[in-house]
Amino acid sequence: VVNRSATLPASLPAQNMDMNFMLNLSTHYGHNLWLAEPRWHSNQPGPLPLVAGQAFAVGNELMGHWVAPHPGLPRLWFAQFANDVTSAMDKWGAPIRYGYVNEGYGVEAYQTIFAAEPGSAEMPSAARPFTPRVLQALQARGVGLAEITLHTGVSSHEVETADVEQQTLYAEPFHVPAATAQAVNAARRAGRRVIAVGTTVVRALESAWSGEEVRACRGFTRLYIHPGRSVHTVNGIISGLHDSMASHLAMLYAIAGPELIRSAYAEAVEEGYLWHEFGDSHLVVV
1 VVNRSATLPA SLPAQNMDMN FMLNLSTHYG HNLWLAEPRW HSNQPGPLPL VAGQAFAVGN
61 ELMGHWVAPH PGLPRLWFAQ FANDVTSAMD KWGAPIRYGY VNEGYGVEAY QTIFAAEPGS
121 AEMPSAARPF TPRVLQALQA RGVGLAEITL HTGVSSHEVE TADVEQQTLY AEPFHVPAAT
181 AQAVNAARRA GRRVIAVGTT VVRALESAWS GEEVRACRGF TRLYIHPGRS VHTVNGIISG
241 LHDSMASHLA MLYAIAGPEL IRSAYAEAVE EGYLWHEFGD SHLVVV
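If you count by this note's numbering, then the sequence shown holds residues 1 to 286, one letter each, in order.
Because the hints were derived from the structure by calculation, they are not lab data.
Just the calculated beta-carbon pair ranges, DEER-fashion: (1) Pro49 / Gly257: 42 to 48 Å; (2) Pro74 / Ala186: 42 to 48 Å; (3) Asp18 / Gly219: 35 to 41 Å.
Glycine is no exception: its CB is placed at the ideal position from the N, C-alpha and C atoms.
Hey, can you work out the whole structure from these sequences and the hints?
Okay, here's the thing in structure tokens:
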């Protein structure tokens with residue numbers, strides 16, 4: 001099961017009366033209201049000295065103002081724009097890039113082969129290794145393909161408290177179509193494996209879990225998957241390598257158990273595997 005969300009050029013230059021900064025758009029909640037991460041620049045996050053109601057501009061053209069910080073993730077702010085941000089992204093936007101990526105690439109470098117519906121602030125990168133040749137080989141072996149959409153926000157899902165079960169994740173839009181729900185349910189009934197290509201797929205499918213089966217579903221999800229919560233919909237996951245304090249890693253613990261994941265990560269470190277969106281991928285099957 002793959003995520004068909006496409007990556008936006010969501011990093012924008014912004015300024016107010018006192019400073020210039022980088023504005024990384026995260027999640028659109030309608031009516032030009034966005035959750036965003038203001039940063040000094042790619043390798044220097046905030047916090048910035050922001051005040052609710054304060055105005056700012058993007059590219060000296062698009063106006064907005066700060067509404068409030070996110071109550072659970074205070075480095076993220078809700079921003080209200082005067083107009084749609086699409087034209088601003090087309091004119092001034094670039095893919096969100098952090099300090100470990102030395103070179104600025106165009107947005108096409110941040111798209112997967114499945115990208116069809118723009119909406120993600122950052123690439124659903126687990127699918128990056130897939131190519132037409134890989135897909136043909138999988139289909140030749142009888143592997144089915146189903147799609148969900150989950151528009152992922154900025155990678156600010158770091159675990160920020162000692163108790164992983166008390167984490168706060170912001171709501172992200174997702175859609176599990178009827179055809180995908182039917183395909184997943186049929187595979188489960190037949191005893192076949194359901195492999196998620198990325199943590200976004202697991203989050204969408206688990207959000208559509210009724211207690212007995214996956215149902216067609218559209219909306220926003222705040223679901224946080226951690227070792228204290230069972231995973232019902234998948235038997236495995238293809239994923240990149242995640243930082244030790246990321247909620248994505250907590251999800252892998254929930255799927256396969258901490259012992260297996262820690263062992264795999266120890267080997268990845270020993271063998272010099274690479275992290276993050278342009279790094280290596282691994283398959284976890286249970």
